[in-house]
Amino acid sequence: MSKQYKQFPNLRKILVINKEEEQEKKKFEKKIFFLMAAIYCEDHHLTENNKISVSNLEFPDEIESWILERKRIANYRLCAACYELVNKAFQHTQRCPHSTYKTFCHECPTMCYRKEDQEKMLPIMRYSGKKIMWKHPIYTWRFIKNLLKNKNKIKNMIREENRGAEG
Numbered sequence: 001m002s003k004q005y006k007q008f009p010n011l012r013k014i015l016v017i018n019k020e021e022e023q024e025k026k027k028f029e030k031k032i033f034f035l036m037a038a039i040y041c042e043d044h045h046l047t048e049n050n051k052i053s054v055s056n057l058e059f060p061d062e063i064e065s066w067i068l069e070r071k072r073i074a075n076y077r078l079c080a081a082c083y084e085l086v087n088k089a090f091q092h093t094q095r096c097p098h099s100t101y102k103t104f105c106h107e108c109p110t111m112c113y114r115k116e117d118q119e120k121m122l123p124i125m126r127y128s129g130k131k132i133m134w135k136h137p138i139y140t141w142r143f144i145k146n147l148l149k150n151k152n153k154i155k156n157m158i159r160e161e162n163r164g165a166e167g
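If you're matching positions, the sequence shown starts at 1 in our numbering and goes up one per residue.
Please keep in mind that the hints were generated in silico from the structure rather than gathered at the bench. Just so you know, even glycine gets a beta-carbon here, dropped at the ideal spot from N, CA and C. Watch out, some of these pointers could steer you wrong.
Said to hold, decoys possible - Using 27 Å as the maximum straight-line C-alpha spacing, the simulated BS3-like pairs for lysine-lysine come out as follows:
| # | residue 1 | residue 2 |
| --- | --- | --- |
| 1 | 155 | 88 |
| 2 | 153 | 71 |
| 3 | 51 | 19 |
| 4 | 151 | 71 |
| 5 | 88 | 130 |
| 6 | 19 | 120 |
| 7 | 26 | 135 |
| 8 | 51 | 151 |
| 9 | 135 | 71 |
| 10 | 135 | 155 |
| 11 | 27 | 149 |
| 12 | 19 | 31 |
| 13 | 51 | 149 |
| 14 | 149 | 131 |
| 15 | 155 | 19 |
| 16 | 51 | 153 |
Said to hold, decoys possible - The calculated label-pair distances, taken between Cβ atoms and stated as ranges, are:
| # | residue 1 | residue 2 | range |
| --- | --- | --- | --- |
| 17 | 148 | 56 | 34 to 40 Å |
| 18 | 130 | 55 | 21 to 27 Å |
| 19 | 52 | 151 | 35 to 41 Å |
| 20 | 23 | 74 | 38 to 44 Å |
| 21 | 111 | 74 | 31 to 37 Å |
| 22 | 162 | 53 | 15 to 21 Å |
| 23 | 75 | 152 | 32 to 38 Å |
| 24 | 115 | 74 | 19 to 25 Å |
| 25 | 147 | 80 | 36 to 42 Å |
| 26 | 21 | 119 | 19 to 25 Å |
| 27 | 162 | 57 | 43 to 49 Å |
| 28 | 131 | 151 | 30 to 36 Å |
| 29 | 158 | 43 | 26 to 32 Å |
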């Protein structure tokens, strides 16, 4: 874990948090994880016996409306295990205290996922991270833009904090 991520508690104290922006970021992170899990599940888990259309599953309201508005996304299917994992990820994302400025969960000093859930998510991220670029390039571009924005925000805040400590 890099030094800048150990600074999260300090950043939380000095960062002005826009709650609306934070909720939008959380909603976008949920969408990205949903897409990654759906891509992985369709390629690895699904048989004719366990196919469940995501349009028939229950999700938080903002995600459910997003799914139903987009036919391409509504056509995805999830198995029961991936559906459960997606819902756990949504809960963790909603409760994340660092969502305003964090980049990736695995770099966060607050590890809120149990080891077994981390082990289930790792192959999803590795596999789908490559495929999502081709299947959903606009969401990928927005994700990268947010990632770079947050990395720069962290670097700038650490730089400012260090200047304040020196002077």
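### Task
Hints the structure violates: just list their numbers, smallest first.
Result: hints 1, 2, 3, 4, 6, 8, 10, 13, 16, 20, 22, 24, 25, 26, 28, 29 break, sorted rising.
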